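**Q** Residues per chain are reported as follows:
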Amino acid sequence: MPPIDIAPQETATSRSSAPVINDFSIQVATVNGSGSQTANLVLLRSILLMGVPVSGKNMFPSNIAGLPTWYTIRASRRGYIARKKEVDFLVAMNPETAKEDVLTLDPGAAVVYDEPLKLNALRSDLTFYPVPFDTLVTAVCPDAKLRRLVRNMIYDGILAKLLGIDMAMMDQALARQLGKKAKAMTLNAAALKAGFEYAETKFTKQDPFHIERMNETAGKILIEGNAAAAIGCMMAGVTVVAWYPITPSSSLCESLIGYMRKYRIDKDTGKATFAIVQAEDEIASLGMVIGAGWAGARAMTATAGPGISLMGEFAGLAYYAETPAVIFDVQRVGPSTGLPTRTAQGDLLSTAFLSHGDTKHILLIPNSVEESYELAIEAFDLSERFQTPIFVMMDLDLGMNNWMSDGFKYPSKPIDRGKRLTPEVLKTLGEWGRYRDVDGDGIPYRTVPGDGMPAFFTRGSGHNDKAQYSERPDDYVNNVDRLNRKFETARKAVPAPIIETDKDAKIGIIGYGTSHWAITESRDQLREETSVKTSYLRVRAYPFNEDILAFIDAHERIYIVEQNRDAQLAMLLRLELSPERCAKLRSVLHYSGLPIDARSVSDDILAQEGFEVAKRITPASASSMTGGE
Amino acid sequence: MATAPIKMNRIGLEPQIYKGGKTTLCAGCGHNAISERIIDAFYEMGVDPKQVVKLSGIGCSSKSPAYFLGGSHGFNAVHGRMPSVGTGAMLANQKLIAIGISGDGDTGAIGIGQFVHLMRRNLPIIYIIEDNGCYGLTKGQFSPTADMGSKLKNGVVNDLPPIDTCALAIELGATFVARSFSGDKKQLLALLKAALSHRGTVMLDVISPCVTFNDHEGSTKSYSYVKDHDDQLEEISFVPFFEDISVDYEPGTTQEVKMHDGSKLYLKKLGEGYDPTDKIAALRTLHEVGRRGEFATGLVYIEPDRDDFMRLLNVVDEPLASLPLERTRPPQAALDEIMNSLR
Numbered sequence: 001m002p003p004i005d006i007a008p009q010e011t012a013t014s015r016s017s018a019p020v021i022n023d024f025s026i027q028v029a030t031v032n033g034s035g036s037q038t039a040n041l042v043l044l045r046s047i048l049l050m051g052v053p054v055s056g057k058n059m060f061p062s063n064i065a066g067l068p069t070w071y072t073i074r075a076s077r078r079g080y081i082a083r084k085k086e087v088d089f090l091v092a093m094n095p096e097t098a099k100e101d102v103l104t105l106d107p108g109a110a111v112v113y114d115e116p117l118k119l120n121a122l123r124s125d126l127t128f129y130p131v132p133f134d135t136l137v138t139a140v141c142p143d144a145k146l147r148r149l150v151r152n153m154i155y156d157g158i159l160a161k162l163l164g165i166d167m168a169m170m171d172q173a174l175a176r177q178l179g180k181k182a183k184a185m186t187l188n189a190a191a192l193k194a195g196f197e198y199a200e201t202k203f204t205k206q207d208p209f210h211i212e213r214m215n216e217t218a219g220k221i222l223i224e225g226n227a228a229a230a231i232g233c234m235m236a237g238v239t240v241v242a243w244y245p246i247t248p249s250s251s252l253c254e255s256l257i258g259y260m261r262k263y264r265i266d267k268d269t270g271k272a273t274f275a276i277v278q279a280e281d282e283i284a285s286l287g288m289v290i291g292a293g294w295a296g297a298r299a300m301t302a303t304a305g306p307g308i309s310l311m312g313e314f315a316g317l318a319y320y321a322e323t324p325a326v327i328f329d330v331q332r333v334g335p336s337t338g339l340p341t342r343t344a345q346g347d348l349l350s351t352a353f354l355s356h357g358d359t360k361h362i363l364l365i366p367n368s369v370e371e372s373y374e375l376a377i378e379a380f381d382l383s384e385r386f387q388t389p390i391f392v393m394m395d396l397d398l399g400m401n402n403w404m405s406d407g408f409k410y411p412s413k414p415i416d417r418g419k420r421l422t423p424e425v426l427k428t429l430g431e432w433g434r435y436r437d438v439d440g441d442g443i444p445y446r447t448v449p450g451d452g453m454p455a456f457f458t459r460g461s462g463h464n465d466k467a468q469y470s471e472r473p474d475d476y477v478n479n480v481d482r483l484n485r486k487f488e489t490a491r492k493a494v495p496a497p498i499i500e501t502d503k504d505a506k507i508g509i510i511g512y513g514t515s516h517w518a519i520t521e522s523r524d525q526l527r528e529e530t531s532v533k534t535s536y537l538r539v540r541a542y543p544f545n546e547d548i549l550a551f552i553d554a555h556e557r558i559y560i561v562e563q564n565r566d567a568q569l570a571m572l573l574r575l576e577l578s579p580e581r582c583a584k585l586r587s588v589l590h591y592s593g594l595p596i597d598a599r600s601v602s603d604d605i606l607a608q609e610g611f612e613v614a615k616r617i618t619p620a621s622a623s624s625m626t627g628g629e
Numbered sequence: 630m631a632t633a634p635i636k637m638n639r640i641g642l643e644p645q646i647y648k649g650g651k652t653t654l655c656a657g658c659g660h661n662a663i664s665e666r667i668i669d670a671f672y673e674m675g676v677d678p679k680q681v682v683k684l685s686g687i688g689c690s691s692k693s694p695a696y697f698l699g700g701s702h703g704f705n706a707v708h709g710r711m712p713s714v715g716t717g718a719m720l721a722n723q724k725l726i727a728i729g730i731s732g733d734g735d736t737g738a739i740g741i742g743q744f745v746h747l748m749r750r751n752l753p754i755i756y757i758i759e760d761n762g763c764y765g766l767t768k769g770q771f772s773p774t775a776d777m778g779s780k781l782k783n784g785v786v787n788d789l790p791p792i793d794t795c796a797l798a799i800e801l802g803a804t805f806v807a808r809s810f811s812g813d814k815k816q817l818l819a820l821l822k823a824a825l826s827h828r829g830t831v832m833l834d835v836i837s838p839c840v841t842f843n844d845h846e847g848s849t850k851s852y853s854y855v856k857d858h859d860d861q862l863e864e865i866s867f868v869p870f871f872e873d874i875s876v877d878y879e880p881g882t883t884q885e886v887k888m889h890d891g892s893k894l895y896l897k898k899l900g901e902g903y904d905p906t907d908k909i910a911a912l913r914t915l916h917e918v919g920r921r922g923e924f925a926t927g928l929v930y931i932e933p934d935r936d937d938f939m940r941l942l943n944v945v946d947e948p949l950a951s952l953p954l955e956r957t958r959p960p961q962a963a964l965d966e967i968m969n970s971l972r
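Residue numbers (the numbering used here), protein chains in the order written: chain H, 1 to 629; chain E, 630 to 972.
I should point out that these hints are in silico values taken from the structure, not numbers from a laboratory. In this text, all values refer to a predicted model and were calculated from it rather than measured experimentally. Be a bit skeptical, because a hint or two may be false.
[Claimed, not checked] Distance condition first, Cα-Cα at most 27 Å in a straight line; then the derived DSSO-like pairs of lysine-lysine:
| id | chain 1 | residue 1 | chain 2 | residue 2 |
| --- | --- | --- | --- | --- |
| 1 | H | K180 | H | K262 |
| 2 | H | K419 | E | K724 |
| 3 | E | K908 | E | K897 |
| 4 | E | K724 | H | K271 |
| 5 | H | K419 | H | K486 |
| 6 | E | K724 | H | K262 |
| 7 | H | K180 | H | K145 |
| 8 | E | K648 | E | K814 |
| 9 | H | K413 | H | K262 |
| 10 | H | K466 | E | K679 |
| 11 | E | K679 | H | K419 |
| 12 | H | K466 | E | K651 |
| 13 | H | K492 | H | K360 |
| 14 | H | K486 | H | K503 |
| 15 | H | K360 | H | K486 |
| 16 | E | K814 | E | K679 |
| 17 | H | K181 | H | K262 |
| 18 | E | K768 | H | K427 |
| 19 | E | K648 | H | K466 |
| 20 | E | K648 | H | K267 |
[What the hints assert, rightly or not] The following label-pair restraints were derived from C-beta to C-beta distances:
| id | chain 1 | residue 1 | chain 2 | residue 2 | range |
| --- | --- | --- | --- | --- | --- |
| 21 | H | L429 | E | R972 | 43 to 53 Å |
| 22 | E | R972 | H | D143 | 48 to 58 Å |
| 23 | E | F870 | H | D406 | 57 to 67 Å |
| 24 | E | L766 | H | G179 | 25 to 35 Å |
For every residue, glycine included, the Cβ atom is placed at its ideal position computed from N, Cα and C.
Turn these sequences into a full structure, and let the hints guide you.
**A** See below:
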């Protein structure tokens with residue numbers, strides 16, 4: 001029996017007959033280093049300015065110039081911002097990948113392409129719009145050296161005409177992107193106009209895709225997760241930052257440097273209320289953060305998987321010696337160097353237990369740019385409250401792509417510096433021991449150098465509750481058991497999961513991080529297309545909150561959606577669940593390096609539920625993503 | 630019975646305050662002598678122990694911060710990574726006085742990367758290598774500062790060239806580089822006091838024989854070998870800023886170096902004369918003395934005026950660690966401005 005496609009509205013016939021308004025994806029295939037980023041961001045922002053919910057995802061190589069890059073823009077009237085699996089509108093600018101890009105399209109898609117590529121000969125079930133880019137760019141840009149950089153703006157003009165994007169919005173988006181660069185502004189505006197006029201005179205609209213004005217984006221911002229987290233760090237009052245460049249986390253520290261230079265210079269003296277150091281490696285970065293945290297500063301670093309691996313020894317020191325530290329892990333595809341410019345949620349397990357011996361860490365997992373901002377602030381409070389490293393588990397998709405969001409709220413509460421010994425506290429305690437659990441929550445009181453309070457000797461070797469060197473069995477056991485009590489206290493203090501319950505649902509979905517966006521869209525697909533109802537729990541931290549148990553108990557089957565091969569969150573959960581609860585767990589795993597999409601989640605769940613589902617190909621996933629380093 | 634009045638230093642503290650826990654190192658270990666000189670120097674200079682942070686890596690040397698300045702905070706970090714922890718502490722609070730104790734393995738092997746970058750930054754820290762040419766705590770293996778031809782107890786001969794940590798530190802940008810011997814009380818004390826007057830990275834390599842694993846015939850780091858091959862670059866006198874002492878010397882015989890805090894170093898020339906402010910001469914001298922199989926000790930190089938790391942970072946004068954929230958959290962207007970720029 002042939003497989004049945006469970007999404008009949010996406011077949012070629014239905015596509016060509018009815019107009020598709022504000023619900024499609026555009027993929028621009030270019031060569032990296034060709035200045036396409038400006039054109040893509042202008043296109044993205046112009047759709048936002050049309051009031052249409054929009055998202056942009058960059059799929060780029062680990063290379064500076066000359067290799068294929070794809071930028072996908074999704075307009076969605078329903079506000080879906082996950083990656084859409086299917087490409088509806090292709091802009092083929094890269095001769096190297098053009099053929100394969102066209103061959104992998106679904107029937108009914110439209111293609112704008114560079115005329116000499118003659119792509120129209122490849123298929124008869126697509127709409128083709130050939131554009132002589134070289135001729136057009138020569139006319140608007142007399143300086144041959146600059147043409148390469150302006151050329152891409154022409155496709156924005158073409159798309160404005162074909163899709164119906166208001167040229168005033170295009171111009172506004174361009175001005176936002178280029179700002180005060182007057183010469184660049186003039187050249188690009190001319191290219192934009194040339195594209196629009198060419199499409200106006202040469203093309204008859206044959207595809208069904210339209211952008212129509214909506215009112216869904218008023219007040220929204222567009223920002224990358226890394227910049228959002230950086231703003232959070234600044235608002236949390238970070239004072240010491242040590243980092244080592246690594247994709248995809250570099251832009252977190254780089255945007256932080258930008259913001260701090262603007263907003264954290266002391267007005268009276270012109271001096272910085274912060275110190276940011278580019279260290280010699282990730283090991284030194286964490287060492288500096290630990291030293292600074294030990295001495296009482298709010299300190300952070302940002303890295304990716306390879307950096308996390310290097311930080312292992314220091315992470316264990318901070319856990320055992322109990323010094324605060326905030327570490328952002330913007331996850332990319334591993335193992336080893338892996339796919340440095342592709343996204344994954346593959347560091348969960350190794351980070352939760354990072355370092356040798358009995359070590360475990362608190363992880364925070366934001367799903368959005370807004371949560372990247374909020375959990376960044378939360379991370380500093382938790383790290384001082386619990387005197388331990390806090391890992392903020394972001395990913396490349398979140399960190400490096402532009403996301404639409406509401407504006408961020410100003411923090412409503414003062415910062416939490418945790419349990420610090422003061423003369424008053426000392427009076428009530430009587431005798432102080434650095435690692436003594438006086439409150440029963442596993443969290444001791446600490447002093448910092450220079451605060452005038454009693455000193456202690458911090459060490460990664462065995463110690464008793466007075467911080468004295470000890471190899472006594474009872475001292476060791478008492479200390480690590482207290483650390484466990486502290487971890488249990490954290491279970492109630494970390495951000496609780498977000499739960500959406502459908503009381504008729506037999507299926508529960510558990511997800512985290514950026515998978516959220518595909519999951520919410522998938523839940524709509526499942527309900528609307530196949531009447532499958534689901535509840536949803538989004539994990540936001542490790543250790544897990546106890547709400548997760550009730551959620552599992554309330555459903556017959558639990559699908560855990562993750563962007564890794566080994567079902568890492570499911571493994572972490574299994575460590576804590578009874579065999580009966582474990583038996584309910586199933587996994588939906590996506591680990592191609594591309595951001596997870598709703599259709600893949602729906603198909604996988606339906607297949608496991610016994611539905612028959614069509615096999616689909618992943619656009620661009622097979623084509624020419626090779627070469628370079 | 631009348632007792633003698635306890636001697637106090639200039640900040641009113643008695644010598645006892647500067648002591649630490651009882652040493653667990655071997656009797657006769659050079660490291661213990663260094664701890665005693667540190668106690669003397671900090672006491673005599675009137676350093677407030679509450680402002681001092683003691684940092685170390687892993688190894689016999691790195692245990693020693695527990696044996697001096699018991700009232701100061703200490704951080705015994707991980708192997709070879711003390712420089713980064715010390716850097717972080719100083720970034721957090723530049724009012725602290727940091728003293729880091731490392732060993733030749735902790736610095737020259739596992740920690741060479743962090744050592745290199747610490748020297749480049751000119752962070753205000755006194756970095757001491759307690760250098761015995763071997764790994765004591767793991768029972769006597771060669772370390773990277775072992776000389777070529779030096780012999781282990783079991784007869785194994787080192788055939789790799791040593792790392793000269795002083796030459797390396799000068800090359801990399803440290804601004805106070807010295808070498809001494811744990812058995813030379815006078816020179817070591819003068820250098821430590823001068824180190825406390827310097828603002829920038831002090832790199833002090835102290836040859837400190839390992840009595841258990843490297844003090845035998847055939848070792849170039851034994852007490853007797855070091856005593857016989859100690860080539861002093863100059864005779865050092867240190868006059869702290871708070872003592873009104875004038876030193877008379879015949880013109881041309883002594884070099885005077887003014888330190889950051891107004892203290893003065895008087896370097897009486899020995900033999901041909903030596904100028905520790907001349908970087909190239911310093912490197913040449915280290916190589917020449919080394920070629921003769923000797924150790925050049927004393928102040929090898931000094932650059933008193935270069936900006937330290939905190940100045941380069943242009944941070945506010947107060948400790949970053951204790952800045953109040955109103956100075957570290959920008960106002961609502963700043964967040965609004967950022968949000969508007971993203972719309």
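**Q** Does each hint fit the structure? Answer for all of them.
**A** Now the hints, each set against the structure:
{"no.": "1", "hint": "H/K180 with H/K262", "result": "18 Å, holds"}
{"no.": "2", "hint": "H/K419 with E/K724", "result": "23 Å, holds"}
{"no.": "3", "hint": "E/K908 with E/K897", "result": "19 Å, holds"}
{"no.": "4", "hint": "E/K724 with H/K271", "result": "16 Å, holds"}
{"no.": "5", "hint": "H/K419 with H/K486", "result": "13 Å, holds"}
{"no.": "6", "hint": "E/K724 with H/K262", "result": "26 Å, holds"}
{"no.": "7", "hint": "H/K180 with H/K145", "result": "21 Å, holds"}
{"no.": "8", "hint": "E/K648 with E/K814", "result": "17 Å, holds"}
{"no.": "9", "hint": "H/K413 with H/K262", "result": "23 Å, holds"}
{"no.": "10", "hint": "H/K466 with E/K679", "result": "18 Å, holds"}
{"no.": "11", "hint": "E/K679 with H/K419", "result": "20 Å, holds"}
{"no.": "12", "hint": "H/K466 with E/K651", "result": "17 Å, holds"}
{"no.": "13", "hint": "H/K492 with H/K360", "result": "16 Å, holds"}
{"no.": "14", "hint": "H/K486 with H/K503", "result": "35 Å, violated"}
{"no.": "15", "hint": "H/K360 with H/K486", "result": "11 Å, holds"}
{"no.": "16", "hint": "E/K814 with E/K679", "result": "26 Å, holds"}
{"no.": "17", "hint": "H/K181 with H/K262", "result": "20 Å, holds"}
{"no.": "18", "hint": "E/K768 with H/K427", "result": "46 Å, violated"}
{"no.": "19", "hint": "E/K648 with H/K466", "result": "19 Å, holds"}
{"no.": "20", "hint": "E/K648 with H/K267", "result": "43 Å, violated"}
{"no.": "21", "hint": "H/L429 with E/R972: 43 to 53 Å", "result": "51 Å, holds"}
{"no.": "22", "hint": "E/R972 with H/D143: 48 to 58 Å", "result": "33 Å, violated"}
{"no.": "23", "hint": "E/F870 with H/D406: 57 to 67 Å", "result": "59 Å, holds"}
{"no.": "24", "hint": "E/L766 with H/G179: 25 to 35 Å", "result": "60 Å, violated"}
Of the hints listed earlier, those the structure fails to meet are numbers 14, 18, 20, 22 and 24, in rising order.
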